[in-house]
Structures are given as C-alpha cells and as structure tokens.
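Chains A and B, in that order, are what the protein sequence lines are. Per my numbering, residue 1 is the first one in the first sequence, and the count goes up by one each step. Per my numbering, residue 1 is the first one in the second sequence, and the count goes up by one each step.
The set of hints was computed from the structure by calculation and includes no laboratory data. Just so you know, not all the hints are guaranteed correct.
Computed list of lysine to aspartate or glutamate pairs in EDC-like fashion (alpha-carbon distance at most 20 Å, straight line) [stated by the list, open to error]:
1. B/538 with B/493
2. B/555 with A/214
3. B/572 with A/337
Not the full set, but computed from the structure, chain A residues with beta-carbon under 10 Å of chain B [said to hold, decoys possible]:
4. 230
5. 274
6. 335
7. 360
8. 382
9. 386
10. 387
These stretches of chain B come out as covered by chain A in the derived footprint (C-beta under 8 Å, 3 or more residues) [unchecked claim]:
11. 131 to 143
12. 202 to 212
13. 514 to 523
Owing to the predicted nature of the structure, the values given are computational and were not obtained by experimental measurement. Backbone N, C-alpha and C fix where the C-beta goes; we use that ideal spot for every residue, glycine too.
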Amino acid sequence: MRKNSSLSHEIGSSLGDLSGPFSVYIHIPFCLRKCPYCSFFSVPATPGESEKYLDLLKKEILFYRAFLGEKSEASTLYFGGGTPTMLSPGQWEDLLSFLEENIPVSPCAEITVEANPESFSERHAAVWKKRRVSRVSIGVQSFSDGDLLWLGRPHDASKACEAVRTAVLGGFSVSADLMFGLRDQTLRSWAGSVKTALGLGVDHISLYQLSIDEGCRWNSSPPSGRTDGYPFYRWSQWYLPRKGFSQYEIASFSLPGRHSRHNTAYWRRDPVLGLGAGAWGFLGEKRYRNEGSLEGYASSVRAFGGSVAGMESVSGEKAAREAAVLLLRTQWGISFDAFSHKYGQAILDSIQDTLRREAPADCFSESPGSLSLTPKGMRVANALWSLIV
Amino acid sequence: MEQQYIRNFCIIAHIDHGKSTLADRLLESTSTIGLRDMKQQILDSLDLERERGITIKLVPVKMNYTAKDGREYVLNLIDTPGHVDFGYEVSRSLAACEGALLVVDATQGVEAQTLANAYMAVDQGLEILPVINKIDLPSSRPEYVIREIEDVVGLDCDHVILASAKEGKGIDDILERVVEKVPAPLGDREAPLQAMIFDSVYDNYKGVICYIRVVNGRIRPGQTIRFMATGGVFPVEEVGVFRPGFQPCDELAAGEVGYVVSNIKTVAEAHTGDTITDNGRPAASPLPGYRKVKPVVFCGFYPVERDDYPQLRDALEKLTLNDSSINFEPETSVALGFGFRCGFLGLLHMDVSKERLRREFGVELVATAPNVVYEVVTKDGGLIEAHRPSDFPEIGEIQEVREPVIKISLFVPTEYVGKVMKLCQDKRGTYVSMDYLAPDRVRLVYELPLAEFIIDFHDKLKSQTRGYASLDYEFIGLKAADLVRVDVLVSGEAADAFSFICHRDSAYYRGQAAVRKLKELIPSQLFEVPIQASVGKKVIVRQNVKALRKDVLAKCYGGDITRKRKLLEKQKEGKKRMKQIGKVSIPQEAFLAFLQVEEDEEK
Chain A
1 MRKNSSLSHE IGSSLGDLSG PFSVYIHIPF CLRKCPYCSF FSVPATPGES EKYLDLLKKE
61 ILFYRAFLGE KSEASTLYFG GGTPTMLSPG QWEDLLSFLE ENIPVSPCAE ITVEANPESF
121 SERHAAVWKK RRVSRVSIGV QSFSDGDLLW LGRPHDASKA CEAVRTAVLG GFSVSADLMF
181 GLRDQTLRSW AGSVKTALGL GVDHISLYQL SIDEGCRWNS SPPSGRTDGY PFYRWSQWYL
241 PRKGFSQYEI ASFSLPGRHS RHNTAYWRRD PVLGLGAGAW GFLGEKRYRN EGSLEGYASS
301 VRAFGGSVAG MESVSGEKAA REAAVLLLRT QWGISFDAFS HKYGQAILDS IQDTLRREAP
361 ADCFSESPGS LSLTPKGMRV ANALWSLIV
Chain B
1 MEQQYIRNFC IIAHIDHGKS TLADRLLEST STIGLRDMKQ QILDSLDLER ERGITIKLVP
61 VKMNYTAKDG REYVLNLIDT PGHVDFGYEV SRSLAACEGA LLVVDATQGV EAQTLANAYM
121 AVDQGLEILP VINKIDLPSS RPEYVIREIE DVVGLDCDHV ILASAKEGKG IDDILERVVE
181 KVPAPLGDRE APLQAMIFDS VYDNYKGVIC YIRVVNGRIR PGQTIRFMAT GGVFPVEEVG
241 VFRPGFQPCD ELAAGEVGYV VSNIKTVAEA HTGDTITDNG RPAASPLPGY RKVKPVVFCG
301 FYPVERDDYP QLRDALEKLT LNDSSINFEP ETSVALGFGF RCGFLGLLHM DVSKERLRRE
361 FGVELVATAP NVVYEVVTKD GGLIEAHRPS DFPEIGEIQE VREPVIKISL FVPTEYVGKV
421 MKLCQDKRGT YVSMDYLAPD RVRLVYELPL AEFIIDFHDK LKSQTRGYAS LDYEFIGLKA
481 ADLVRVDVLV SGEAADAFSF ICHRDSAYYR GQAAVRKLKE LIPSQLFEVP IQASVGKKVI
541 VRQNVKALRK DVLAKCYGGD ITRKRKLLEK QKEGKKRMKQ IGKVSIPQEA FLAFLQVEED
601 EEK
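One chain only, chain B, in its complex shape:
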C-alpha cells in the first residue's frame, strides 16, 4: 500500500468516555469485523479489561476504508491505555501515529487525563480531531464541552465531530475526517530499516510478537534484524498485520503498522520504544524517545498456601513474558514465608497483575501493602536503594532519605476545591498552582510524595468530590524528606512484617493505628503481651494484649478424655503452625488480616 493512502491514528480518551465502544463501531463500519464475530469491546483482549471497562494492553487493528473520494485507504487504529500508570506506553503508541481522535464525553467534559494525553499528542506533532461522544444522552451538553475543549485544551473546534458510539452516530464523519485531516505517514522506504516497537506480547507458539510501526525502510521474513537498545540480533520469521487477529503478509514498509515474529523468547528482549533495524544495513541512529520503564510501586506477593510457592514463581515468570514492566525477586517474610517482592508501574498495574495471576494462572495470593522505593544516603556516604522497610539502615547511620515525588494535576469542580486542597496538604503536598478552567472548574497542581499518593489518595479524592474530580500525574524525581522507619515490637521483639516507612510527623498516628490493629488480632496468651511501635530505639506507642484470664473448662470423665486429648493435640498442632515471635504465638490469619486490612485502608 502506498504511503499516501495510509492513515495511522489513535484514540485519546478519559476512562469511561467511550473509547472502546467507539473503536468497535469503527471496526463494524469498515467491515473489519463481521457482525457475527462482534462482541463488545473487541480491542480489549483481556477479560479483565472488558470487565473493568479499562484498557490495559493495546490491540492495534488495520481497517480498509473506501473514502468519499472513491479511493481505498488503510486506516491503522492503535488503541491506547487510558490509565495514568501506563503513561510511557501511551507515549509510544502516540509516536506510532500521525493523528489522534480526542474523545470527550458530552456529559462529563475534559478530564485530567484527556488533557495530559492530548498535550502529549500535541508534543509529538499529531493532528488532533476532537470528537464529542455520548451526544445521545439526555444530560449531554455538547456546546459547553466544545467551549471547554477550546478554552482548556486550546484546540480549534470548528470541525468538531458530534458522535454517539452507542447509536452509531458520527462514525462515518470520523472515518472521513481521519482520511482528510490525518497526514499520510512520511518515511523513506529505501532507507535503512527503522521500526519502532510500541508493544509486544508473548504467544505460546510464536514466542514474542512485537508490534511495530515502520518509520523507514522495509522489513520482511528472512531478514536479520537488530534491536538497537538491547543489541539482540534475530532472524525475522514472520511479519503481518492486525485484522485484528494476526494475518501474515510479505513485507511491511515505511508508514505501515504490523507485527514481527522473530524467535524471541521473552518480552524483556523486546522493549517498548526500542528501534528495530537491519543487522546488515543498520540505521545510523535509533528513533528518539526510548527509555526503559522502571517500576515505581512495590509490594510483596505471597502464596496463600505455602506449598504454592513454585506455582506463584512460574506464574510470575509467565506474566513477565507478557509484561516486561513487572519485575520480581524472591523475598522471605517471617509472617508469610517465601514470596516475591514485585515492582509495578502504578497501583492499577499492581492490582491488574494480581488479578491476572489469579485468573489466568489460578494462583491465590496475598499482597502486602504497596510501597515506593526510597534512596537512603548513609553518614559514610553510601547510597542505598530501599525497596522495603528492612532495607533501611539503623536510624543513627542515616544522613538523608529521599522519596519519589509526583506532580499531580487535579480537575475539580469549584465547590470541592477546599476539600481537595486539604487532602493534598494532609498528604504532605506542596501547592504549585491553581487556575480556573471554566467558571465552575479548577485545575489544581500539587507536588506530592508518591508514597502518600499510593495510600488511599484515589479513594479519598473520590469520596470527597463524589467522583467529580479527575487526576493525572507525572514523576518529577526524588526529594529529601524527614522519613523514618517505624518498627512494631511484639513482646519486645521486632516483627518485620509489620514495619513501615512514614513521615516523622505521622509516625505516632500510624504507629498507633498499627498497634491497635495488632492488639485486636493477637489472641490472648498466657502472658501479657506488650505491643509497641518504635522509631529507632525510642518507643512511641504501647498497648498490651491482656493475659488470658480463663479457658472454657469442661468436666472430663470417661470418654471425654480421648476427646479432650484430641482437642488439646489439635490446639498444639495449631500453635505449631503459628508464627512465634519470642514467646508469642500469632496465627497466620492474624498476619493476613493485618496486611489485608492495611491494604483495604490504604488502597
């Protein structure tokens, strides 16, 4: 296909603004998918995505469209994930396109993420076509939303398309406008090969399948290619296009979007953003913009049944074949036994991964409360990357602790501004700016420690604004903060599973909460059990689990003796399965309850 008849575009939308439904309509309208095969939200390939109504993995698709000018065009639609955790993936998808549909819900207006992604698209020089969706809804107010797009995003809305993906309105307009407005891809088909990987998936039969946009040159089976960032060299076995299933073809040339299979074993060898070139005739330089994504949120995954540890390991290995942004390493916890410390791009990413492990691999697991990575500078000048509380050195050795900080933009109806500002302040936020997007909507910008953000920020924001606020964030680096490790001591002995890092000012409060919770969860023992929270050597909170006062003691004659002995033996067995911290026996369930309560509270 000649370049001038190719259009590569993507859809930018906030969660729930109808992106997936719109994509479905485009497929239908171009007969890419027969009605027979139509199921809702075709491009969301994971069950989970369909259920949650969010897009995690991108599934591109090639459509043939005969425009009003009578010519046949190829439209490559590259779906983008709508969640802030996957910002880098979004940027790579955008880089594979020349145009973007900016879909805004006619009832909701512009949201934080819409704006962030729209700006990202503008930065990359994409042609942006505004689409107002859901105009069929009685509460829709397209004029208002158009004004907002013009005022807030700064886009010209003279040619805005009014659509209802649900009812199929405006779909033809969209296709026509894509052909008309989105520039045809440039690129020299005779130049050395440069193809950008915008995603990769693992297939049991084919190995890793890289999704690529060819920028210059050509790629065909038999060729030997090189991955410019990792240096890996592989023979091309198959290239093809998305229909939306995999359909092999002879070659992919500059401007085209498709996939390449080349006997790669893990997705870690084919990073998103990397450039593929011809090994024999390499390009002078890779395409710009590659970076390796680094996990920012960490948590421990432990099998519920200890025997399931190997199963969890296998499942994680398979999951990372598919998603190289997850990393994991073994760790042990006094409370939970053997497990893994796993890193994720964000909270949703963590949640989704956990859910996928459960559904796709049948592993039941316990996730500990999420935390971020800290940098600890020691007095002797060393630098420690602390992934967990136990990585922290003794308090006397610490010179400085640095924590990751994000810049967060919040779109908030005016009446909630006060509450949101208070929330940000409570979360140790630093005010950056506030501006009115419209008379009744404000954009607030704060700098916020990531650690505070991953603790219940979303939930609190939602409940305090009744769901009317939206947010977007980006990392701005590490900043020094007065952080301490709070240890929890049970009967004078530190229990690693219960330690946490927090700001010195909230150490007392959070220590108190942890101690109170443990007091409820630890059953009475023969001795009084003090539970303490300490910072360094200094105890800041103490509560006691009162000693057992009385057992229920029954009579014991004749046949009762056997029953009684069996009961006691069972009790003894049960105690063996408990965790001993000093003389104190803590049931596994108490650990789980503690960690899960933490999670529930902190999500």
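Extracted from the complex, chain A is given alone in its bound form:
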C-alpha cells in the first residue's frame, strides 16, 4: 500500500509536469456477465457497488486534480469497460458533471463512451448529449444471432440494430465493434454484418479477430470451429475503402475525419491519465496500471486518493522501437522529422534499414517524409514489427 502511495504521487507529478493536452481513460468495470473470450477486468454490477465505485472515482479525480497545472487540459476522454452502460443515466449525469467541474476539458474535446446493446438506452443518449459526449462506440460484435449466441453475448441482432440506431439518431459519431474468425462464420455473414453497420449509419468500424488470451474463460478449453481470419480481413480491406472508410489503423476504419482521436493518442504515445480500477495510463514515459480488484482499488483510493499498483518506465531505444511499432499501426506511419527529433536519427536509420533488408517491398511504402505499412503489410504486421521491436 505504501508502494501504491508513492507510485501514485509519482504519476501525479508527471501529470503536473504536462504543458499541453492530454487524454483521460476512465474504466467502468461492471458487466452483466463475463463473456467467455474476454480477459478485461470486470465484475457483475449491483446498484450499491456502482454507487460506491463512483464515489471512489471522484476521490481519484480529486487526487489528480491537485497536481494539474494551469496550462494543460484534456483533449480526449474515453469511458471504457467493462460495460459503461451498466451505470444508470442518473449516475452518468453525476459522473460527467463532476468531471467537467474538476478536470479542464477542451471545448472541442472528443468524448467517447463504450456502449453495449443490452444496457444502452435513449436516456443514456440524452444525458451524454447534454454533457458533450461526442462518440459512442458500440460493442455489436456481429449482426448475426448465431454468432452472438456462440460468443455468449447478452444481446441479439435486433437489439444491436436498435442500439446503433439510437446512437446515430442521438447525433453521435458512432463506431461499431465487429468480430471475425468466429465458429462457422462465412464471408457472406461477415459481409452482412459490415453492411448492416454501414446501413445504420456508423462512421467508424473497429474490426478484430477473435483471439483467446490468457485470463479468459475459453483459455483453458478453447472452442472448436474457429475460422481463419484472412478472408474476412482481406475482404474488409477491399470493401470498406469503396464505401469511403479508410483503414487508418490495423483494426480501425472510418469516414474522413472520424477516426478515434483518443485511440490515436495511444499509438502516438501521447500522455493518458488512466482512472478507475484496472485502468492503464501513460504519463512522463511511464506506463502504469491501477489496482485491478475493486477491493484493492477502494482501499488504496480511500487511503490516499491514487491507486497506481505497477509502473514501467520505457525509455531510450526501447521507447523508440515501441514508438515505431505503434506508429506503424496507423496509416500515417512514421514521420521522419518528428521521429528523429524525438528518438534520434540513428534508430530511425536502423529501423528503415531492417525493413528494407528483411521485409518484402510491397509490405511498406516510403514517401519522402514518412514510412507506413501498406494494406498487405498490415495483414502481416506482427511479423514486420517483430523485426524492428
């Protein structure tokens, strides 16, 4: 616990050192139930628990507010989970107004909330609109009932449609999460999900392959019948740009100007203040993690306000290589001037050299001032990154 105290203070003072904009990530760790493939931290919600949790969040916000300097303000806010829509509209009103009062938020900030179809309502949408939420990212996963049943999701396809419609009608920029590589999934059903999302008016799609990581229920007994991800991804890379959605990152497609600025901050290694149980943040070249369990988080926040439980300093060549890998996730890639200014010319040369020597030429493209992955390169990005990490 003493360790938590000094770590939290260290992060707090890094926050205080900031002179520019930063991002805020707030974790809402409640779910109706846990999905078998999910390894994120979440617990079943009870009304009393969520009230207590909001109080703790407020304490943590106050703790960091004390460090904040005059000049810095939040340029993006992101509420992730868990299932943020497990909080009631009233609790949202409470949380958002508290935030506005205590953390300076830029007038043109991007504020995103993750929503799950089974718990998202028009009343949520109304409160969010009032409190300047600009984006809603919906955990659709699929518009096929069979897929959703197999994934153990608590919603069906019609619920998903309704949720997207509500968000679009609410005037938000809407993103849908879609998954491929599911059991017996066909390209036709995948195309159906993608087209449904587009038809409903989303301006952003996050698509990713079902992967079974450590810490999820399926890890010990993986389900059979999962499909190879290649055709789904390949098709999406072909289809979405024709509909005006450019692939601006490995797993992200959007209409022009509708990319997630918050997620982009991660890939640019911009400062992120992480709040809530199990949240991650990145401040002053330090990546840190809050206490994961509700109890641990509660006792630490009660004792002294912060809850940082672990921290990793990334610096020097390691930081440079990490930055290169993260930048190469995006369509903007590595901008030579900015990169060499921050990490040095030598490491940039070495990375370029490695790629030229060991990667097929059609996997990356070099423009006069930058280097980025081609669509083909994005498909085999792990293999490319492992060359330069």
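Once you've looked at the hints, dock chain B against the given chain A.
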C-alpha cells in the same frame, strides 16, 4: 585345476530362444549363485540387456560341478551376444571355448543367426551339443525342430537334449553332457604365455579388466606382459576368475578362463582378439584371428541443449573406455550446432549406445539418421572416405562411388518368399540363391547395399512377414554404385543438415519426401520460400512454403501496449534462436522434427 577337468563352453542361440534363462539355471544348479542373489538373467549385467532381453556384453562365469563320475570339474561358461552387429565378438568368444550349446526354441525352429553362429562354431572346431529349449510350451514341436537341425544345420541329433530352462528340465543332462562331450582344453602350461582377450571392460577403480582365455603358459601377478597387436607393455596387478563377480586368484594357466588387471587406462589399449604374452619370454607368434573391428554405421549425436556439449563429450569418452568399437569425432552442423559423428558396428549397437548415454550418463541427445561410409574415387585419382554427405566432392569431380555391401541370409516361411524377394529387390538387392530348408521354409541369400539395409529393412521385413523371418549378414566389401548426393536448398541456399546420399534412381522419390516434410515444418515467412532438392546443379524437386497471409492482430490500446511489446520482443528473441538460412528462419524444433522423422521412418 588340471586341464583335463576343465570344460570351456558357450551358448549359441537366436534372440529370445532362452539363452539367458538357461544360463541362469546352470548357475543355480551348480550353486554358483545362491538363490538369495538370484535375479533374472544374471549374466546380462546391463539394465538395458535385461530390459530388451538381448545380450550386449559378455559376462563369463566359472562353475564348479561334481559330475556323475564323482570328480569335480570346472565349467567356464562364456555367454555370447546374440546379435548380428557383434559378429566379431561372438567369434572371439567361440575361440575361447572347446564346446558350444546350440540352443533352439522348440516352437520356433532354426533361425538365421543360429545357423550363422553354429557354422562359426563348427569352423572353429567346437564340439556342438544341440539343446531344444522351451519344450514345456504347448506349441512346442521338438521332433520337427530336431529334424530341422539335422537337415538345415547338418548336426547329428542322436543325443539331443530336451530342456525347459524355465521349468529347470534337462539342466542336469546338459551339465553332464558338457563334461562328457566337450573336450578338455589342450595347451602347454610350460610354454611361453599366450592368452587371448575375448572381451574387456572398464572399471572405475581397477581400470581396464581384460577377459582372457589362457591358451599356453601361465599368467600371475607381478609378471610383465605384452599386448602383441598394440605392443603395449604392462605389469600384471591381479588375475582372477568369474564367480560371476571378480575373484582374485594366484595364477591362471593354460586352459583356464579368467581376467587380468594391469593398470591399463582405456579399453582401446586392450583390443578384443589381441594376444597377451610374457614380455620377458614372448611367444613366437600371436594367436590367430585378431582383427580390429571397424565401425560400419555412422550417425551424428548432438546434445538437445547446446550447453550440454561438454557433458556429451565426457559421456562418449567414458562409454568408449568400455566399448572401444565406438569411435567419435567432433563435427558441427548448421542446424544442430556442435556434436559428434559416431561410428558403430551396426544399428542395434548404435541404438544401445544412445540409450546407454542417456541412462548411464544422463545425456539427452539427438541422433541424426544413420549412414554408411562411402569411398569416392575422384577424377584426378584421389580416394575420399566419405562419412557424411558433405564429404562428397562436387558431382563433376566424381569418377566412381563405392558403397559397402553385405550378404544377407533370410530364413522365411514359404508363403512370404515373394514379399521378401520384392523387398530385397526394392532395396537394390542382387539375388544369390534360394533353397528349401524344409517344405515350408526357405533360405534366401541376397547381396544388399548396407545403406539400404540400415534404412528400415528390419521393420519392413518384420511387418511383411509378421515377424516370421530371421536374418543374418556379413560384409563382403565395397562395390561401385550409381550414388549421388541430394542437396536440399531452402530459398536457394543449401542446408547441410538435410543433404543425403542415395541411389540415382531413388533421388527423385527421396528428394520429394524430404522437401514435402520440410514444407510442413518450416513456418510461413514474409516471403514465399522455395524448397528444392537438387543433384549437383540440377533441381529435381521444388515446392513452396507460401508466404504468410495474415497474423492474428488484436486491438491495441492502453495496457495492451506493454503486453504487445513483450510479445513482439519474445517473438524476436525466438527468431534469434532460430537458424537462418538466407532470409529464412527455421526453428530448431523443425530441424529436430525433420531428423527424428527421418530416423523413425528409416529405422
């Protein structure tokens, strides 16, 4: 003990015909071993032998027996290895005896090796006493087997002994018959010393212990002896007899069997078959029959963990203290790192040595596919002894390649003759002869390249004859053959670990198999990787490992970044440990799998 009361004899039997059990009964019956100390198969001293039911090392034993004539005799039993790899050792054991029990299984009949060893014994002038064993089994057919011994081996079976070693039947008859029929050893005890080494073992305390049969003269501690083949001179520290442990005695005289300890450091200085004489009063000539055994089958031994290389070297050194027929030299492989090229007397010998390294020295190792030694005559008249594919010169420089050839005798039930002939033909065999041993059994003789024999011949023979065939072979020398080295190229670069030698006619087929296997084992890379098999510059097979299509890519936000970076770093580390052939990374496991699959298929 006076010579006339000594009987030196051995047991000749096919594997599984009950030799070791019979030997145990003889020890029991002569009270050489107390029942208390009795464990099964006393003379098979290695765990491995007991487990596999085969005899690798000979353990002689001295028994005291009071015969029906009321006199006390000394019976020296010299056990012989029952496997064809150890033919020379068998011949030396036989040379130490005057008689042999020819043990034949009453249910199986005469097998190829029984016959070969029986003839070897006849050649050496041994008195042969036929014993039909396992007569207790319901499927035994002694009359039939007796007829077979008479017809096939050509031995007179008037006085055949019917026995069941398991039930102790016929044991007394055997002892009595040995005393009666086996001649007492001759030899002049006052002549200059001549003692033949029929085996030697290494002992941590005593050094090398030579097992000897004294043919002429006497040997006692304090004497200075000379090894006539190697020229080594040593003082005798101890002589003794086998009880079956080592029991020192004052002297060993002509006709006696025992051991001598004389401060020798390695068994390589005391070759089986060498003659020991007195340094001060040497014999005019050594005993006949000595030759140095040469390994015929080679393979690479590599430690599984690279750091274990010194351990493997030590273990091999210790093993060769005990078994001088193994030789080894360091070699390096692109795939496996540092290891040793080892030579063995045969496949079983190789297998057993590998197993002993593992068990007795705790070394985990990888064995590459076995191969034979070739002689390559180059166009400029040079002669190269090629122990491995990389020893082969470029194809344009080769005038002729010679390979070792064996003459193989197969005893086969009539109904399988067709299949066995086809197998021999497939293995590039040359037909020599076929004769009927009995209406339902045939002896087939073929000349076969040893290289083909060591590739899965045993397994194929067993499976095609349901285990009813037996075989024996002898080397008949080197013969020219149309052999080529097949190289495997990964992305255009030759990978030494995958090259092999084979007949030109099977180059395509075997190249195809190797390429297909590699294609399965090499993971997809960023580039398409062509895998080719070539003879000289000519590519005969090509397949491609398709380029990687897609990684599983996850989202990457907040805390994922650290996890992701660590994963990538791990991947990069893993790649460093892989073998790079050009731009292609091949995991160590793929090499191992390739070599082991080869071995499994080829054993």
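Each hint, compared with the structure:
no., hint, in the structure
1, B/538 with B/493, "holds (14 Å)"
2, B/555 with A/214, "holds (15 Å)"
3, B/572 with A/337, "violated (27 Å)"
4, 230, "holds (4 Å)"
5, 274, "holds (6 Å)"
6, 335, "violated (19 Å)"
7, 360, "holds (5 Å)"
8, 382, "holds (4 Å)"
9, 386, "holds (4 Å)"
10, 387, "holds (7 Å)"
11, 131 to 143, "violated (count 0)"
12, 202 to 212, "violated (count 0)"
13, 514 to 523, "violated (count 0)"
Hint check: violations occur at hints 3, 6, 11, 12 and 13; the rest are consistent with the structure.
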